[in-house]
Amino acid sequence: MIVDCALYHHGVREVADGSWATALATARTQDRSFMWVGLHDPTKEELDKVAGEFGLHKLAVEDALNAHQRPKLEEYDDSLFVVLKTVRYDEVSQQIELGDVMLFVGDSFVVSVRHGEGRALGDVRKRLEAHEDFLDCGPSAVMYAIADRVVDDYTDIALEVETDIEEVEERVFSPVRTNDASRIYNLKREVIEFRRAVLPLVEPMAKLAAGGVPHVHERMRPFFRDVADHAIRVSEQVQGFDDLLSSVLSANLAQVGVQQNEDMRRISAWVAIAAVPTMIAGVYGMNFDHMPELGWTWSYPAVLVVMAGICLGLYRGFRRTGWL
Amino acid sequence: MIVDCALYHHGVREVADGSWATALATARTQDRSFMWVGLHDPTKEELDKVAGEFGLHKLAVEDALNAHQRPKLEEYDDSLFVVLKTVRYDEVSQQIELGDVMLFVGDSFVVSVRHGEGRALGDVRKRLEAHEDFLDCGPSAVMYAIADRVVDDYTDIALEVETDIEEVEERVFSPVRTNDASRIYNLKREVIEFRRAVLPLVEPMAKLAAGGVPHVHERMRPFFRDVADHAIRVSEQVQGFDDLLSSVLSANLAQVGVQQNEDMRRISAWVAIAAVPTMIAGVYGMNFDHMPELGWTWSYPAVLVVMAGICLGLYRGFRRTGWL
Amino acid sequence: MIVDCALYHHGVREVADGSWATALATARTQDRSFMWVGLHDPTKEELDKVAGEFGLHKLAVEDALNAHQRPKLEEYDDSLFVVLKTVRYDEVSQQIELGDVMLFVGDSFVVSVRHGEGRALGDVRKRLEAHEDFLDCGPSAVMYAIADRVVDDYTDIALEVETDIEEVEERVFSPVRTNDASRIYNLKREVIEFRRAVLPLVEPMAKLAAGGVPHVHERMRPFFRDVADHAIRVSEQVQGFDDLLSSVLSANLAQVGVQQNEDMRRISAWVAIAAVPTMIAGVYGMNFDHMPELGWTWSYPAVLVVMAGICLGLYRGFRRTGWL
Amino acid sequence: MIVDCALYHHGVREVADGSWATALATARTQDRSFMWVGLHDPTKEELDKVAGEFGLHKLAVEDALNAHQRPKLEEYDDSLFVVLKTVRYDEVSQQIELGDVMLFVGDSFVVSVRHGEGRALGDVRKRLEAHEDFLDCGPSAVMYAIADRVVDDYTDIALEVETDIEEVEERVFSPVRTNDASRIYNLKREVIEFRRAVLPLVEPMAKLAAGGVPHVHERMRPFFRDVADHAIRVSEQVQGFDDLLSSVLSANLAQVGVQQNEDMRRISAWVAIAAVPTMIAGVYGMNFDHMPELGWTWSYPAVLVVMAGICLGLYRGFRRTGWL
Amino acid sequence: MIVDCALYHHGVREVADGSWATALATARTQDRSFMWVGLHDPTKEELDKVAGEFGLHKLAVEDALNAHQRPKLEEYDDSLFVVLKTVRYDEVSQQIELGDVMLFVGDSFVVSVRHGEGRALGDVRKRLEAHEDFLDCGPSAVMYAIADRVVDDYTDIALEVETDIEEVEERVFSPVRTNDASRIYNLKREVIEFRRAVLPLVEPMAKLAAGGVPHVHERMRPFFRDVADHAIRVSEQVQGFDDLLSSVLSANLAQVGVQQNEDMRRISAWVAIAAVPTMIAGVYGMNFDHMPELGWTWSYPAVLVVMAGICLGLYRGFRRTGWL
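Heads up: the protein sequence lines correspond to chains A, B, C, D and E, in order. Under the working numbering, the first residue of the first sequence carries the number -2, and numbering increases by one thereafter. Under the working numbering, the first residue of the second sequence carries the number -2, and numbering increases by one thereafter. Under the working numbering, the first residue of the third sequence carries the number -2, and numbering increases by one thereafter. Under the working numbering, the first residue of the fourth sequence carries the number -2, and numbering increases by one thereafter. Under the working numbering, the first residue of the fifth sequence carries the number -2, and numbering increases by one thereafter.
It is possible that some hints are incorrect.
Repeated chains share a single entry, so a pair holds when one copy, or any two copies, can fit it.
Okay, derived cross-link-like pairs now, EDC-like style, lysine to aspartate or glutamate, Cα gap no bigger than 20 Å in a straight line [stated by the list, open to error]:
#1 K46 to D177
#2 K69 to E200
#3 K55 to D145
#4 K204 to E72
#5 K55 to D133
#6 K55 to E42
#7 K55 to E129
#8 K55 to D149
#9 K55 to D75
#10 K46 to E59
#11 K55 to D104
No wet-lab data here; the hints were simulated from the structure.
Isolated chain A (complex conformation) (with noise of 0.2 Å):
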């Protein structure tokens, strides 16, 4: 689906009347002037059609159909292909969830190709608008903003990914029974996807603050070193996310562990206990002819005097040592 799609000239967007073909032959003869497509989910068709107007290379946009691609950054010969990770915090499931924002970049022009339920880019291309001298800057700008953009949702999911940890670490380290090795694990696996959005960025974003990539805006370069350093960031708390994941996971198996076995030494404290009293019975419980307590008047009275006091002392004992 084509979303929107506009001519730019001198940072302004300007009126395209008439076909693509007539506006992109504008964006080509003018000076400071470049198209931005915008496609969401696109058919095969819309995308061929496309490709042929701009004169996209076939691996780019066979990359550009299929959502799940890894972030890269790709030099043809007239235009560079970005692919960059979206992410999602799904309130629904819980669930960070990936989406794929590509774009093709030429000297005048901009397309943007957009897969899954990411935010929409409607809004950069309006924040975009409201800054002329930097929409002057051309294509760069645009992919500038569109990276930033993402980058700045990685920075909110991670402070979301901290937040879960941080409360699967009280879960862990609380006096309260539970077993979260599930929802642990459940992390770690967002942790690794999430790195695996990350991660790959910082290199191409590098080379483009490094310089030297054809279609980028001289001015644009250290925008771009900017978006570098903050993926860097990211992917530095995601490593240490990992890190710390790990060792809540062998955390809780150990709080667990020590919780279960607590409440066994509990139990068997107390069996130990009534194990007592039953052992004395048993003696009294005897068939002898000659067991002279028995006749006794007070003997009966003294021997629970005798398995009540012991039981106490067995149980003060075990209060002691931590056992109960």
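For this one, chain A is given, so just place chains B, C, D and E on it according to the hints.
Same frame as chain A, now just chains B, C, D and E:
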């Protein structure tokens, strides 16, 4: 066994009349011509004959004779030698099986050698023959087509492994009590082997993409970059699998331990409950002469009620603390 | 908040009369002169004003406004932007707290921006002003002095962390039964955060030491090498802490498990000892008519002695095998 | 001990008449000639004599005297010094044994020094002497032949280690209850040692393959690349072994724990079953005067039936929940 | 404390008459002459005096004053500054102790500074003075001799650590029940510290071997390569120790757990055996009026025999399944 052998001129398969020597001579003298010989599990004699015709290096031929090579790209004086690992999911043993495809690539010939039960290259040849302009790029187009097929198979297998891992995850974290250690370990084993097939492939493909390798058509470079990119994606996935499986293995250990401990706790709790009436019965089984309760009419039912009451109380208490 | 602002000429603080603009103009025209402006938690307005005066890049200013940056060194057209992480050990929460110090370094100015509750830079300024020849090297001397102070703080904190780890080690391996999982985990968490502050600092300092960075006085290079060297030392220490804490965590798990098992074994051994007299008493509690022992005079005391003897024997045996 | 010493001319072994000095002088003056001296566990005197004749560097000679070097390639003024680790599977101790082969390679001589009980180099010499054209490439052909043999032995040992690992895997996951921790640990130990022999070899071989090393015949380069490639393959295998063994170690721990817990559960379940009739018997062993059941004729067999019924019911229940 | 100070000319120790200044002036003017000053735990005053004489850089002097530096090589304008970590096995505390040796190396002087209780450098000096041709290579010969001694000590310590690890392995896998967690952990701690001494040394030594460092005699390069090589060997060993100790730690945990579980199983099995006669005795202790067996003459001994038989049967069964 020689599977197929043909002469291509301007991307079109020509009827090869006469001996190989003639065909090869034609390929060598004619512009934009090359021979493609396909072998499957060749004997030493067959391979030696082919090597003699095409002037292949002794070391490469020796490697091509033995399966179980690692992926690599070697430049010899007048040919490239490429080893690729094919993967196949064996339905019967439910295991990944590795095979080998070796390629000798010269200016006017390609020799493909396939080992093991992997997918035949016949349909790669057919699809190539349908794209004349592509095949016209010469031997490196064949090399690309085969490498692309091999890496596409990796993607499929990675998906199957992912499904297997998800299955095993579900079993581990389900309330049903299973011990999946053995299965997880087997998956880990496969993933390690898979990684050994994929990872070393990245570098040679990147080298082919970077250019400067002889016998490779300039137009093929972005295609090899695409293969390299897919190989990296798969190898990142596989790395992620490895991490996940390590976590699943310890999560499984934790879950099994937790479940067994729960069982023990429950059994012990029942034993503890049974110990109380046994103790009380013991007391009233003692043979003291002066135990006034023994003579009372209602003491027996009263004691039974007390026993039942204590047991019920313990049962409820254990339920409340989660011990039962 | 603007903390301090001064003009330095030949390393000597001059009384700055007039506005900043005048002072800055003086610094720019006069040889070996520079301005040093110190800010603490500046508002957007303050920072924008400063940025306007000194011509700082928009992106750097944006970064300087937000705390929680990662350490980095960025070259802009006419200034360097350096981010350092300060560390502080909070006595109350017993945790490491990270702050930020950002520096804008040009040929004739330094702007230092401090975020958070970290140590003030006032005494760095005082110590510098006492070394005129040093301060005469210009803005990069200020940058060195601040980086040196920051890294010195790292060394102190590393020592405190080391003490904490040693304490926790002692607790884990002491015979006193404690479960330190939560404390070890918290230390691990701090160490991961600490590493994130230290590690990325090494590269920028090494770059400053290697030379070729504008606005850096040649004489300062060995000093930055010294800072880089200290940063590497701390980061190696921190890496070692991480390894140690992983080992301590599993050692703690082992110790706790071993101690709990010992408790269980001890309780079970006592239950086993009590089971034997219960069994014997049960035998002589049977109601058979023909049990000749029952009639003998000394059988009751004899049985008691036998019971006591068996219990004592079991007790000794269990002591010998270490079960008690 | 000097094992063998010969002069080769155009790849043919010549009868060496006269002293070493004469032979060496011949080798030095004659084109395409070289001497090969083979030593086994030489004494300091023997080695010093050889070193004097061939002008070997003091440091290399010192290294060659001591076993337990790490694989390396060192260039001295007029000779190369190569250290290779030989591996041998000792049938008696079932362990991998490492030995050393050191080579001094000059333009007109090879000195091979072997330490330990590894495989003799006699058959390498014989096989080389059968390939005159190969031997005609000079001392580097000898170096290749020995390196090739050494790495081939690695491949064999890797296969044996793989078999050992598979055996141990089968034992760990079989229902037979064994604790293989000690065996797995020993395998891990061997693998670590093995890796230390293989890994450092890759770089020198790659260097020899890359060319630019003196005393190495140009034609030998692809051969050294082949050796490097095999060394990489083995070292990847060994790395995989290490990963697998870590997983097997924890899987073994899990299995043993699970099996022991199962035993405990079973024993406890039996104790729980026995506790019920004991309790009931206790009740009817009480001495109350008014227990009407005691007088009924069928109550004894009825109680026995009830006891048996409850035990059977518990047994079946425990079987169903998998506790027995 | 100044330990020794001498002037060397053509490798021969000369009687230094007059002040340092004179001696140094002589060394500076005379060809192939240099001074060697040896310090041990110098005070700030001593070091400042030496620094003043030899023109040492302030930063290097500051580092030399403080122990606990990391190994490094720093080039200053007219001298090298080298830090080496000495290791020593303290017999009393059975721990590795690290010390520092710092060297200032110029064209005509060496200043060696030793911290801590490590081995004195006196015998290095004596051995060097016995090799005039070696000492004639100038200050870098002294630097080599000291580095060589330091790394030789590493090799010795690595052997001691290896012995310690083997001892601990034997204890872990022996049937004797010990918990070596604390000892293994201490070894791990030492190994981490040891690695921190060895690893950073490799790079500076390799740099000295590669050439291009001022103040280093060309003839010394292979000697530094030798030191680098030994340092790499030790650091590989130490890395292997680290891996082994991690495995031993978990193997120890496993062994201890297995042994404790075995104990528990054995105790439980005995309790289970004792439960059966208790149950039977309970049955015949019931007070039913109609229990015909009670009146039979042989039922008491028969029941005893049955009890003994069941116990024996259980005992044998438990032995067979390995529960006892």
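Each hint, compared with the structure:
1. Taking the shortest alpha-carbon separations for K46 and D177, neither the intra-copy value of 51 Å nor the inter-copy value of 51 Å comes in at or below 20 Å.
2. With identical chains, the CA atoms of K69 and E200 are at most 20 Å apart both within one copy (8 Å) and between copies (16 Å).
3. Proximity of K55 to D145 under the C-alpha cut-off of 20 Å is restricted to the inter-copy arrangement: shortest distance 15 Å between copies versus 27 Å within a copy.
4. In this assembly of identical chains, K204 and E72 lie within 20 Å of each other by CA distance both inside one copy and across copies; the values are 11 Å within and 16 Å between.
5. In this assembly of identical chains, the alpha carbons of K55 and D133 lie at most 20 Å apart only when taken from different copies (17 Å versus 29 Å within one copy).
6. Within a single copy, K55 and E42 get their C-alpha atoms as close as 13 Å, which meets the 20 Å cut-off; across copies the closest is 42 Å, which misses it.
7. Taking CA atoms no more than 20 Å apart as the test, K55 paired with E129 passes between copies only; the shortest distance there is 16 Å, against 33 Å inside one copy.
8. Taking CA atoms no more than 20 Å apart as the test, K55 paired with D149 passes between copies only; the shortest distance there is 17 Å, against 31 Å inside one copy.
9. For a Cα distance limit of 20 Å, the shortest separation of K55 from D75 inside one copy, 13 Å, qualifies, whereas the shortest one across copies, 31 Å, does not.
10. For a Cα distance limit of 20 Å, the shortest separation of K46 from E59 inside one copy, 13 Å, qualifies, whereas the shortest one across copies, 41 Å, does not.
11. Taking the shortest Cα distances, K55 and D104 sit within 20 Å of each other inside one copy (19 Å), while across copies they are farther apart (25 Å).
When the structure is compared with the earlier hints, a violation turns up for hint 1 alone.
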